[in-house]
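There are 2 protein chains.
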Amino acid sequence: MFKITTRSKISKARLGKLETAHGMVNTPIFMPVGTLASVKSVSPDELNALNAEIILSNTYHLYLRPGEKLIKKMGGLHKFMNWDKPILTDSGGFQVFSLSHRRKITENGVEFKSHIDGRTLFLTPEKVIKIQEDLGSDIIMPLDQCTDYHDSSDVVRQAVARTTRWAKRSKLAHKKKNQLLFGIVQGGISKDLRTLSINELVELDFPGYAIGGNMYPFGEKVRNKKQFLPMLEFIADRLPAGKPRYLMGVGEPADIIEGVKLGVDMFDCVLPTRLARHGVVWSAKEINLENGNFKYKRLNLRKSEYKSDKKVIDKNCQCHTCREGFSRAYLSHLIREKEILGCRLLSIHNLHFLTNLVIMIRKSIKSGKL
Amino acid sequence: MFKITTRSKISKARLGKLETAHGMVNTPIFMPVGTLASVKSVSPDELNALNAEIILSNTYHLYLRPGEKLIKKMGGLHKFMNWDKPILTDSGGFQVFSLSHRRKITENGVEFKSHIDGRTLFLTPEKVIKIQEDLGSDIIMPLDQCTDYHDSSDVVRQAVARTTRWAKRSKLAHKKKNQLLFGIVQGGISKDLRTLSINELVELDFPGYAIGGNMYPFGEKVRNKKQFLPMLEFIADRLPAGKPRYLMGVGEPADIIEGVKLGVDMFDCVLPTRLARHGVVWSAKEINLENGNFKYKRLNLRKSEYKSDKKVIDKNCQCHTCREGFSRAYLSHLIREKEILGCRLLSIHNLHFLTNLVIMIRKSIKSGKL
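Going down the list, the sequences are from chains X and G.
The first sequence begins at 1 in the working numbering and counts up one residue at a time.
The second sequence begins at 1 in the working numbering and counts up one residue at a time.
It is worth saying that the hints were derived from the structure and are not from the lab.
Predicted model, so just to flag it, every value in this text is computed and none were measured.
You may find that some hints are simply not true.
Identical chains share a label here; the pair holds if one copy fits it or two copies do between them.
As the list claims (entries may be wrong) - Straight-line distance between alpha carbons at most 20 Å, and here's what the computed PhoX-like set of lysine-lysine pairs gives: (1) Lys-369 <-> Lys-79; (2) Lys-127 <-> Lys-307; (3) Lys-12 <-> Lys-338; (4) Lys-311 <-> Lys-363; (5) Lys-303 <-> Lys-69; (6) Lys-72 <-> Lys-310; (7) Lys-127 <-> Lys-177; (8) Lys-73 <-> Lys-311; (9) Lys-315 <-> Lys-127; (10) Lys-17 <-> Lys-104; (11) Lys-9 <-> Lys-295; (12) Lys-366 <-> Lys-338; (13) Lys-177 <-> Lys-17; (14) Lys-113 <-> Lys-297; (15) Lys-311 <-> Lys-3; (16) Lys-226 <-> Lys-9; (17) Lys-297 <-> Lys-310; (18) Lys-127 <-> Lys-176.
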């Protein structure tokens, strides 16, 4: 399923190929997020044009609407959304966890109130596997119990234990072997609990491992990297060397590079499309992974300084938005006026920034420079 | 500027070529509307792909934001929005008219409160020409005084007289001869007043004539065609035979066909993109202009019957949305969930429906069947 073709000699980075039912994915990879079976504002042919190899979609959201049964009836998620490359679906564990006081976790599963209509719903590990079977995604995730950065170690310990028990039930329920079921490591910021979680999951022998749970406080702008990166390294070092490692929800370019250097293979994040909707784009100042230089900045195109800026976002960028010559001034106008085209053009740029980043990363690993 | 190449022998339809500073436009033509320098949700390359030859933008809206001075500084509207084919800008007369109690019309011009920030602004015929010079559009419109279907004949008579006086001032103010300044015919539903308006405007010798004012009550779903079409015919018959005739704001497919048969050459409407945002698409039941059959229907994709409909909107349609195989079920899901991609895919379909309609119309005129 997963083959590592090159291992860096100067970092823990590795180049790999992950085989799925809908084709091969080169790693390290960034996965654009299509929460509701659509990467917001972007069409499948545009995703292809910006070299997206795999996208992520959301079990919790698709379960609520349009419902996995409908998607199954329509021929599965790939056919439904017109995307024939690989899809990874997350389990919904994180979304249910985010509902905080609107959910109740028991050993059997999670009871929660739909954020759409308030209906009471119940998800079990088995149900989550069944939903993803119906969706027909290529890589699927088991239901896990997430923890918050601020949770006590007792809470985290119980979450790790339950995540393992649920992982076992998920594995038992998992029948369609052309779907790759990953394990999700929990354990918060405790080395002991992360080790415990890894050991228990590795025993179950999953074809890949996701790193879940928060290793930094929610909403913190500048991540506490002093804590985050050593913890990530600690975890990555203990995961099986030959299996893909997926750091969930991380999409800040600098974090992707650091993650790759620590041996992480897969990333996903809503950041590129979310920033776009708020008028924010990434722009490279210097990209030279070969000598370790990767400087970039965020531009907030709502700022008045861009109102009459004739330049494209980034003159060296090969995305549709920059190549076609849409000026910062025009993009600023579109975003201010809430014109859909603005959100589209910025989303394409930001997604391209990350899909292009992982391509550069792979080249640099291959050439022995990263 | 305008050359009629074929005149139908069985109707008043004609085929023409309208030369502008940004290239030639085939008539009859439908112009997609890009109110704020963007055809809502659709990119310039998509407009090209669906054979749009000219688009319309809005003087009033662009004057308010981002402002014509900024657009001029950015190299004009074409460069600003990345569209190198012809652009027609309307005068803002209709938009100011729509502000009803927030505007005051005097002989000098129109005072109105901005619908954005409540600022009091003043537009004169000269100012409107100057704004359009700054925008650099190819076909420009003079400030006119619109009337409502329900206005008394005294009100309409005064509006006709003022529209003529403003047309004279506009012509005097119009210096950039590479921009085509059209006249706008008013006169409501009175044959006498329409005749008067036409006679006065024709004396000013414009290179084209737009038909303004409402010939049916606002918001009426099924137009009173008993009244509308004879009035349109009456007007078209009295306009100069060799000049382009532009029926403002009409975009219902059936009305475009009827208008063409009465000798109208140009149409514009927000309907394709507006319907799309509400989940409504046109679908042809039978298209055979050669034997006079053009049956189509509206599908409201929000209806539950489309939730699991695997068909594309229209299997014979060559638009991106239908050709790529997006199902009604998927489009229905996107529209329900307010996913931007839904609005985009439906807008493309509806715009294509009209750009394709005028192509078929032109073929049918050429082959002597319409």
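Results of checking the hints against the structure:
For the identical chains of this complex, Lys-369 and Lys-79 are neighbours neither inside a copy (40 Å) nor across copies (41 Å), given an alpha-carbon limit of 20 Å. In the homo-oligomer, the alpha carbons of Lys-127 and Lys-307 never lie at most 20 Å apart, since the shortest distance is 51 Å inside one protomer and 23 Å across protomers. For a Cα distance limit of 20 Å, the shortest separation of Lys-12 from Lys-338 qualifies neither inside one copy, at 43 Å, nor across copies, at 43 Å. In this homomeric assembly, Lys-311 and Lys-363 never come within 20 Å of each other (Cα to Cα): the closest approach is 29 Å inside a single copy and 43 Å across copies.
For the identical chains of this complex, Lys-303 and Lys-69 are inter-copy neighbours only, at 18 Å across copies versus 45 Å inside a copy, given an alpha-carbon limit of 20 Å. For a Cα distance limit of 20 Å, the shortest separation of Lys-72 from Lys-310 across copies, 12 Å, qualifies, whereas the shortest one inside one copy, 48 Å, does not. Taking CA atoms no more than 20 Å apart as the test, Lys-127 paired with Lys-177 passes inside one copy only; the shortest distance there is 17 Å, against 70 Å between copies. For the homomeric pair Lys-73 and Lys-311, the shortest alpha-carbon distance between copies (13 Å) is at most 20 Å, but the shortest distance inside one copy (48 Å) is not.
With identical chains, the CA atoms of Lys-315 and Lys-127 are never at most 20 Å apart, being 48 Å at best within one copy and 37 Å at best between copies. For the homomeric pair Lys-17 and Lys-104, neither the shortest alpha-carbon distance inside one copy (39 Å) nor that between copies (69 Å) is at most 20 Å. Taking the shortest alpha-carbon separations for Lys-9 and Lys-295, neither the intra-copy value of 23 Å nor the inter-copy value of 68 Å comes in at or below 20 Å. Proximity of Lys-366 to Lys-338 under the C-alpha cut-off of 20 Å is found in neither arrangement, the shortest distances being 42 Å within a copy and 42 Å between copies.
In the homo-oligomer, the alpha carbons of Lys-177 and Lys-17 lie at most 20 Å apart inside one protomer (19 Å), although the nearest pairing across protomers, at 62 Å, exceeds that limit. Taking CA atoms no more than 20 Å apart as the test, Lys-113 paired with Lys-297 passes in neither setting, with 39 Å inside one copy and 40 Å between copies. Proximity of Lys-311 and Lys-3 under a CA criterion of 20 Å is satisfied in neither setting, with 43 Å inside one chain copy and 40 Å between copies. Neither within a single protomer nor between protomers do Lys-226 and Lys-9 lie at most 20 Å apart by alpha-carbon distance, with minima of 24 Å and 82 Å respectively.
In this homomeric assembly, Lys-297 and Lys-310 come within 20 Å of each other (Cα to Cα) only inside a single copy, at 18 Å, whereas the closest approach across copies is 44 Å. Taking the shortest alpha-carbon separations for Lys-127 and Lys-176, only the intra-copy value of 14 Å comes in at or below 20 Å, while the best inter-copy value is 69 Å.
Comparing the model with each numbered hint stated earlier shows that hints 1, 2, 3, 4, 9, 10, 11, 12, 14, 15 and 16 do not hold.
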